[in-house]
Amino acid sequence: MPVKFEVNGKRVEVEVEPRLTLADCLRHKLRLTGTHVGCEHGVCGACTVLVDGAAVRSCLMLAVQAEGAKVVTVEGLSRDEGLTPLQASFRKHHALQCGFCTPGMITTAHALLSEEPNCDADRVREVLSGNLCRCTGYISIVEAVLDARTAYRRRGGGNGA
Amino acid sequence: MKLPPFDYACPTSVSEVVALLAAHDGEAKPLAGGQSLVPMLAFRVALPSLLVDLRKVAELRHIKITNEGIALGAMVRWREILDDARLRTAHPLLIAAVAHVAHYQIRNRGTVGGSMAHADPAAELPGIAVTCEAKIAVTGKAGARVIAAADFFQGPLTTALQSDEIITEIRLPLWPAKRRFGFQEFARRRGDFAMAAAALFYDEDGGKARNAHIGAIGVADRPLRLKAAEDAINGTSIDEAVIAKAEAAASASVDPADDIHASGAYRKALIGVMVERALRDAAGLKTT
Amino acid sequence: MSTTAPKRASNLFVGSPIERLEDLRFLTGRGQYVDDLAVENMLHAAILRSSVAHGRILSIDSSAARARRGVHAVITAADIGTVPTIPLRHDPTPAIRRFEQPVIADGKVRYVGEPIAVVIAESAALAEDALEAIAVDIEALRVVADREFARKDDIILFETVGTNVPDTITAVRGKADDAAFNSAPYRRREHFSVQRHAAVPMEPRGLLAEWDDANARITVRGACKVPFTNRRALAQMMNLPEASVRMVEYDVGGGFGARGEFYPEDFLIPFAARLLGRPVKWTEDRRENLTALNHARDMECDLEIACARDGALIALRAHACTDIGAYVRTNGATAARNIAQVLAGPYRIPHVRVDVSLVITNKTPVGTYRGPGRFESDFCRERLFDMAAADLGVDRVEFRRRNLIREADMPYPLPKVQVLDIESECDSGDYQITLDRCLAEFKWAERAKLNGKLIDGRHHGIAVGCYLEGGGTGPRENVRLAVEADGSISLFVGSSSVGQGVETVFAQIAADALEVPMERINRVLHGSTDYVAQGFGSFSSRSIVMGGNAIGDAAQKLRTLIREAAAKRLQCQASDIVIDRGMAVGPAPARAAIALKEFAGLCADGTFASAKRTYSYGAHAAYVAVDAKTGHVELIDYVAVEDVGRIVNPLTLHGQCIGAVVQGLGGAFLEHFIYDENGQLLTGSFADYLMPTASDFPQIRAVALEDKPSPLNPMGAKGAGEGGIIPVGGVVANAVAAALGSLGVEPRDLPLSPPRLWQMIQAARATCAAR
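So the protein sequences, as listed, match chains H, D and F. Letter 22 of the first sequence, counting from 1, is numbered 22 in this note's numbering, and no numbers are missing. Take any residue in the second sequence, count from 1 to its spot, add 161: that is its number in this note's numbering. Take any residue in the third sequence, count from 1 to its spot, add 449: that is its number in this note's numbering.
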């Protein structure tokens, strides 16, 4: 069946089977392969995207359920080749190694900081506990997110993406 | 782990939903937040021929607070409960429990109706419903009916719902402002299902506890009220001795089975500890 | 030509916390992992895996599956003919080779998850749908579900071999016989075990194979870790010359030892592509990943030490047993070999004998997982040391200090591994330095006051332990450096990237060695078989030692070439030319400079060979609080100190260490592959196989030193990827024991899950009450 929605500011229309997850639709129909699939059962968080501003696991959502929604993936967060302050903070703190969980970490942290630019370390840890990383041990990720808070305070919260 | 094939419908009213479910004779499944159902599809342990998406059914999205209590539409998401400032005073026990539900992204999608219908014995909301004597409003082809929470849960992933019925609303009785409460949960990691959790409240009358409700999560095939533990505190002023009695009574009231994560003996002891700690929170007593 | 500024200080990049080059693509979603690939005409594979742990295949009927819409083929053993087995990459004793895994179940199934058939279809979903239509009739045989039963040989997994014990690996130093133990003033013997858990990288495996019929050539995308070794294996199995097999590496979402070894799918997918003449892609899903990818650990050990009254160690002996699952995979014996070799750790123990038996059971085969055998060994040894120190009334720290190998003892031989004839020795180091630094960072003296105390209802405890990390495994690595038309340098290397950041650290090393700015190293091309004639890959903490030193060699040669070419142009001696900031600069006073692009086309091959391993070392300390009522352990603080000889990038090294520590904590507290008596895996999803999350272990500190460079390579580098995980189990278990000392709780088995710890506390209390 056909489904129409917006991805990273662009309107798209795709023909999908009802069983296709939003994650697979983004990756294989729309070729937005920045969204990763690590478990397909809603635990690892690598597939996290923003749907109407809220961070969701795209492996637990059907593509047909995105009808009319605004979807933002990791590719949609930074314009051109540059890094956003959050992405730059990840780089500075060495908050990624293999890079596989990174898109989910970035989208989740972006949603959190957009909603709660003053969150504390415990809140960051709680929110990121829904995203598995096997490389970093998380400490640098938490530091990177905390360090990026100032950039979100400056833009006065809200979901800019 | 690609999902098995199914058809999809996205109706806008409860009556259409019920008609679709009834027409498929048990082969159709309502899709609420999808946070439990989609993993079951991915593992192919659920193989419905039709998914009936509830996301456009506007009549399932309300949070109503009246002088009879709180009514949560089946499609209310965890996030909406946590974001609703009114609920923090209207039902602080609910808020305390929902704070333990899964993770950030799951809370943005998961719904109260989905959790109730899924009926995991270790889930928070079913435990709150049983503890608080909630009523579950459901609608099917035979019409609407209301089921007491204690009768709704019938075993692991098993409820009183008929295959053509959906939950429309969860009704929690009015919460008096001065009620004392506690919620304690022990899980392996943050956001995991409870190994055991205790939800409890009581009212006070002249310094004595009365109307105690103590619920246990994760220690049986469904959430339970622990009457013996309630009896241990009703009519008392909560002190160390009462807490110890309640802990012992809570442990003695359950007989959990062994499973891969823990022995039954562990869970039996753990529920006592959770009751003890929740009771301390309620009474404002420190850990010794 | 222009004149240039004075020569900059060398060694500008090596040693600096350079932000990674890889990050730019990873952070913006532009990384390219194998499942991101799509090519014209591509088909998709799904694999039918055994749901029975042990059985005889009576029949496979795939006709219904073949008839389904979108299905192109169903491949079983019968379609392959003579089913090849997967060759061992490490430690191939003749005894062990008899247990190699066939690439598809051939008459028998021996573990849940073993491939039985491959469906090739238009989409991954259609392929998965068709799996259900394959009818497999299996006569179930009695399951060998644990080591104890396996060793009885009542039920034999390989009838023609006649035993479930492929081999026993023995390592010896001195004479750890009865005489040594009987004459010792003190001895203690204990039994320990470490549970089955695994690497579980976040990216599941994937392969995309394309057969080029015109040239009879296969391209396999998704290779990693050891592409050259796997090329050789695949060429043999497909009866092709090695040159007709091309392995291409993409971004890899973590390896940790497990990913990139040769698995059944590494044959099945290329085979399918050749059979059908169309590209075939397979992406492992997480459910199959948890039974298909190598498991690890799963050992028990009967360990005995003898020492003098002052704690000086005299002898150590042990019988260990590793459950290696249903087959011996490429490196299935490596953990056992390591246990034999390093159970004695960084300690001077004159007499050592360790026998490690490998046992076959109906479970997923094992392979290496970061710190293979070392994590297990350290847990057993460090636990027993704390017990012994307590018995002797010797301070735990002093016990270790007294026994650590001294700098004056270097090089100090490890016990010799007899069957494999492996000898190795600690290359250099002052093991006291890392112990002292660890104690200082940890504030040991201050915290010792809290040890064993009950504070706010929780028991507090601390512990410290020491370890060795073998790395820099040979035999060699090859590198090519080439000057491109724009004056940039391309670096081709046989090492693989598994996500550890080799592009950045190799660029740092190359930039320093060539004395060019780092941005001049425009690409670091690694892993794929196109880049160098022969590469050796990334395993056993070898990339910086082997690849890094090979870069040094290639750079030296390229500099010579450039200087010679420049000298010719400037009509001076090559020795007069200096290379500075990407220019070849002639002698004073003219200091004429030629841009590197003038030398486009020059290239140099470098190599580094070493038969000797490097040994990093260190000490870790942990501070825990135990809730005796729930069995929960909070890790209040954790400090890791290591000496890696030479630090190339402090940022990435720090990341390696912290990441490894947290993996170790997962193994110590959370992760457990639990099987039932029928050989069914009960923890086969991420809801049940519990890996650490962001909120579990928030307080970990890591300090890296480069006090004692390795004498074995020009850089002085030692392996550094695995040290972080090695001592974790022992250190935290000792901290828990210290916390619960008043109750007499002595953990002997991992993981320390809350229910298990609670059970131990109950048992200890019952024992106390009975006294």
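Hints in this document: simulated from the structure, not taken from any laboratory. Owing to the predicted nature of the structure, the values given are computational and were not obtained by experimental measurement. One or more hints might be untrue.
Unchecked claim - Computed cross-link-like contacts, BS3-like style, restricted to lysine-lysine with a CA-CA straight-line distance of at most 25 Å:
no., chain 1, residue 1, chain 2, residue 2
1, D, Lys339, D, Lys225
2, D, Lys225, H, Lys4
3, F, Lys1046, F, Lys1061
4, D, Lys339, D, Lys302
5, D, Lys369, D, Lys302
6, D, Lys369, D, Lys406
7, F, Lys1006, F, Lys1046
8, H, Lys10, H, Lys29
9, D, Lys296, H, Lys70
10, D, Lys339, H, Lys10
11, D, Lys447, F, Lys902
12, F, Lys624, F, Lys557
Hints versus structure:
1. D:Lys339 / D:Lys225: With Cα atoms ~21 Å apart, D:Lys339 and D:Lys225 stay inside 25 Å; holds.
2. D:Lys225 / H:Lys4: 33 Å, violated
3. F:Lys1046 / F:Lys1061: Roughly 39 Å separates the two Cα atoms, so the pair is violated.
4. D:Lys339 / D:Lys302: Violated, because 41 Å separates the two Cα atoms, which is more than 25 Å.
5. D:Lys369 / D:Lys302: 47 Å, violated
6. D:Lys369 / D:Lys406: Roughly 16 Å separates the two Cα atoms, so the pair holds.
7. F:Lys1006 / F:Lys1046: Given pair F:Lys1006, F:Lys1046 holds - Cα atoms ~17 Å apart, limit 25 Å.
8. H:Lys10 / H:Lys29: 15 Å, holds
9. D:Lys296 / H:Lys70: The given pair, whose Cα atoms are some 36 Å apart, is violated under the 25 Å limit.
10. D:Lys339 / H:Lys10: Status violated; Cα separation ~52 Å.
11. D:Lys447 / F:Lys902: With Cα atoms ~19 Å apart, D:Lys447 and F:Lys902 stay inside 25 Å; holds.
12. F:Lys624 / F:Lys557: 44 Å, violated
In terms of the numbered hints stated before, the structure departs from hints 2, 3, 4, 5, 9, 10 and 12, listed from lowest to highest.
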